[in-house]
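Chain by chain, the residues run as shown.
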Amino acid sequence: MFHIDWASWKKLAPEARQAAAKEFSTLLAGWEHSAAYSLLGHKGDLLLLHFRPSFADLDRTQHQLAQTTLHDFLRPSNSYLSVVELGLYESSAKTYGALAQQGIEPGTAEWDAGVREVVDRQSRAMSQRLYPAIPDARYLCFYPMDRKRGEQVNWYTEPMNSRQQMMHEHGMIGRRYADQVRQIITGSIGFDDWEWGVDLFADDPLVFKKLIYEMRFDRVSAIYALFGPFFLGQRIPAASIEAWLAGQSV
Amino acid sequence: MFHIDWASWKKLAPEARQAAAKEFSTLLAGWEHSAAYSLLGHKGDLLLLHFRPSFADLDRTQHQLAQTTLHDFLRPSNSYLSVVELGLYESSAKTYGALAQQGIEPGTAEWDAGVREVVDRQSRAMSQRLYPAIPDARYLCFYPMDRKRGEQVNWYTEPMNSRQQMMHEHGMIGRRYADQVRQIITGSIGFDDWEWGVDLFADDPLVFKKLIYEMRFDRVSAIYALFGPFFLGQRIPAASIEAWLAGQSV
Amino acid sequence: MFHIDWASWKKLAPEARQAAAKEFSTLLAGWEHSAAYSLLGHKGDLLLLHFRPSFADLDRTQHQLAQTTLHDFLRPSNSYLSVVELGLYESSAKTYGALAQQGIEPGTAEWDAGVREVVDRQSRAMSQRLYPAIPDARYLCFYPMDRKRGEQVNWYTEPMNSRQQMMHEHGMIGRRYADQVRQIITGSIGFDDWEWGVDLFADDPLVFKKLIYEMRFDRVSAIYALFGPFFLGQRIPAASIEAWLAGQSV
Amino acid sequence: MFHIDWASWKKLAPEARQAAAKEFSTLLAGWEHSAAYSLLGHKGDLLLLHFRPSFADLDRTQHQLAQTTLHDFLRPSNSYLSVVELGLYESSAKTYGALAQQGIEPGTAEWDAGVREVVDRQSRAMSQRLYPAIPDARYLCFYPMDRKRGEQVNWYTEPMNSRQQMMHEHGMIGRRYADQVRQIITGSIGFDDWEWGVDLFADDPLVFKKLIYEMRFDRVSAIYALFGPFFLGQRIPAASIEAWLAGQSV
Amino acid sequence: MFHIDWASWKKLAPEARQAAAKEFSTLLAGWEHSAAYSLLGHKGDLLLLHFRPSFADLDRTQHQLAQTTLHDFLRPSNSYLSVVELGLYESSAKTYGALAQQGIEPGTAEWDAGVREVVDRQSRAMSQRLYPAIPDARYLCFYPMDRKRGEQVNWYTEPMNSRQQMMHEHGMIGRRYADQVRQIITGSIGFDDWEWGVDLFADDPLVFKKLIYEMRFDRVSAIYALFGPFFLGQRIPAASIEAWLAGQSV
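Chains as they are written, first to last, in this note's numbering: chain A, 522 to 771; chain B, 522 to 771; chain C, 522 to 771; chain D, 522 to 771; chain E, 522 to 771.
Some clues are possibly wrong.
For chains that are exact copies, the list does not tell them apart, and a pair is met inside one copy or across any two.
[As the list claims (entries may be wrong)] Lysine to aspartate or glutamate pairs mimicking EDC-like chemistry, simulated, CA-CA at most 20 angstroms apart:
no. : residue 1 : residue 2
1   : K730      : D700
2   : K730      : D633
3   : K543      : D657
4   : K731      : D633
5   : K731      : E690
6   : K531      : D714
7   : K543      : D700
8   : K615      : D700
9   : K615      : E638
10  : K669      : E690
11  : K615      : D633
12  : K531      : E544
13  : K532      : D593
14  : K730      : D714
15  : K731      : E606
16  : K615      : E544
17  : K543      : D724
18  : K532      : E626
FYI, nobody ran anything at the bench for these hints, they're computed from the structure.
Turn these sequences into a full structure, and let the hints steer you where they fit.
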């Protein structure tokens, strides 16, 4: 996310400004799986969302952007680094049950191999969900979150089946909104300051509020969720980015 | 909210400064449901309040402002994005009671349809309260807030009727101040970093303090409220904005 | 509170600098109930304290300052907005007792009228304490504070007579220091980010530490006080402000 | 860690920019045990990691860097100061047991001498682990952490053998990842704002997430760990630093 | 503490830079009880430590520094204002015991007079410890701290004799390190944002870590200590300050 130094940008000679806007829009068009959003409020003006198969690709994207003329007028204000993640609580429970039924003990090499085999099989089957395209919706809502590790209330000391049950309830709410909101959950343990990132995509931004408010009363959110800052962006269509940079509303 | 870079602004040639002030005052006059306030203290100099029917309109307003000359002298310091919200605890309780009396079970499709039908009917009836004009009062007090989700004290695990009762008590205090303070409550779950935004409008700013102090002892505020930063602004009449930007007190 | 951009200020031509210092000192001298302090440490260089009868007057003062040449070299670092407040726990207790003795019930219109009548009478009697002059002492200690609203320890759910008793004990310590420290307590609920502001004035700054340390062990401070940042300033006599801005110690 | 002021850097004449890049790459090549990483996200662009035998050497390194031309385009954003530390919980337990068997009492001069003798012997034996080379892996994950000292949950009041057992469990997870992740633990009590710094090195950055997620459920992490910000960097080979500074992806 | 704007400083003409360095080193040499340290990490480059008999002297020192040419290249990043304090828990206990034995009651004027008389006598006796010289050691470790006032764990509600006993244990650890580390404890209640400042001086910086780690397990630190940021500086000998400012390591 970036602030745009509008004052300096507007001082640029019109041709130079057009050339810089063109350079950026060409770069953006050439990137597969990147999108631009106009941010509401003071947290930034422009949000760039990049889906990439590897961190090396992300690093390259970031470095390419830094070399553009437009970048000289951008002031980085925020960022979030994470990888797409699938909710595996339900399938994990099934896997663990099946292994236990075969008399395999948790913690043994056999158990680990069994788990790994299932996870790999699932990952292949779900690779489309692991490498999604950016949904076309007009609005983006992004926020990072943690599970609470308090002195009495601690997600990480809850037993697996209790966590699984709470995640199941939680997922049921999301499913009821599935036709209005597309969610992409990413994991960021080891990569950024929160444990997960939540990306919601919808054409009607009010639905973000309804969904998150309803979820706030389910057990896992009410008791265990810690929320970071919220960001709300309006998609700038690739074809309109030059007009937008020229000050036209799109 | 913005700091004004007074040093640079004052260095501008008088005609350029006048033209910029004129450009801004014309824009402000043309915006329906926008108002300007002079902020007290170091959190900013100018607060712009925009009521808009949609986020697309807000985004357009923000983008228009960024293209003005005055904007080159503004340093964004804060913002808050939210939607006007009506306290529905009391009517919800009635709706739920009525549905239950008809033998409809919570969680069924019938129940959901019943709730939705009532909410929609109310929203239509209350659209005037949902799309209010900006009150004319001389002072504005704004602050965001959350309901506490602590390890022992957690609003979101309190039963509905207990929450409703506390909101009722809370509302009674507000009602006693209704002739002195106009309140507009906005919801920001999914939009900004706190759950609600509170806008208070009054001609005598001391009333803000009396109202909020008295409320601090009611149960919902004493036990469950978390307060963000407070902002206090004095309305700059549209007709005086150019004089104010020229350094005259208004 | 302001940082002074000494580097730019010193680069100003001597006559321009003198003129700017003169302009500011004239403004300061013309303001009734304003004082300047040299801040110790990195939180700022200059603290301006303004006592005004209304927020409109404060806003005017702030706007006047922004138009001075000196202001172009000031970088606002902090501020605090509040109103002088009298500790009314003791007199309130007496009022409530007297009304109860007359058989008037709390919550009735009669009770409210009785309370209001007493408060108004007291306010008139104490208007001198409500509109104090700035004490002449050489040092100022300022800090904002809150009363704790924790999950187990919550000032706002304590019964009135318990709060009154704790405030009484607390006040007794302050009284023992009355000849060495002048305190002015201000309320800022609804105006700024903490609930109260404490201004202490003394010629010997060590007394601030003795007083606050001793108070830290009384019940209301030990259990319920939350302290914000502390600011320590040394008075710059109005007659010396130009010399001080010219780099002379005063 | 540093932000690079790319806008100013790119404005530098090509020869001056090349000379500055050369000056820096020569300095970097001359430093033993320093490495450069490209940071992902807005927390910085360049991370320099320095392993040095003493703080005096670190201070010299820092001072040398400040004198380069490249440094004029670097904006320090973060840093972490710590010393490599070996997990001695297991060997300490053995030492204490052996001393106790000899009938030596804790707290006596004899006990202290016994402990010191063992620690010194181990330090000599482990000096290679105390003065490691920077691993060659492509990715670096760095984060600082504390052990919790809460009101009920407090690492520092846990008995030694309980802490030792938890550290043993914790270490077992790390060992299972030993062929994929190299960890270097550093201590920073007295040097920086957290108690420990964790440096993880791997060719596949996803392994960081797997390792840390798995650890989050072991007792010492679930209950006692407090995590600071996470930083993720991609190694810039020494031979590529000039190309990278010229805007080429490497 | 200050960041040095090395880029601008290096752009200064060599003679001007030498003159500015000379001006500063002359000022520093003329100040009794001031010392300069090179800070490790990004929290600043230069730390100036001033011991002064009064706040008026400190204010003068600060104002003098602001008038130097070097100051135009310094960016204040931090500061700490406090007064040297002697641990009086043990002697207080003796005093209180003695007064009690004479049958004097706490809270009476006689008791207060007795306490004051002892404190004054001690202060005179210990004035050398109250006005220390800056130790000559090569490294400085500084951090501020508070005593915890939590909802269950609260230093300020612990009885005097329990606090005294914990401080005694705590002091015993410090004494064992007395030949390696010199500590100067300062009090800052009413002056700065933490209650105490701790200055440690040693030639071997590893000793800071050993001492503080060992102390972390004593009761007063484990349960009641809250630590602020840590700062680590390497002394710049007065004779080397000009060389250091010229970019030479010292």
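Of the hints stated earlier, which fail here? 3, 6, 7, 8, 16, 17, 18
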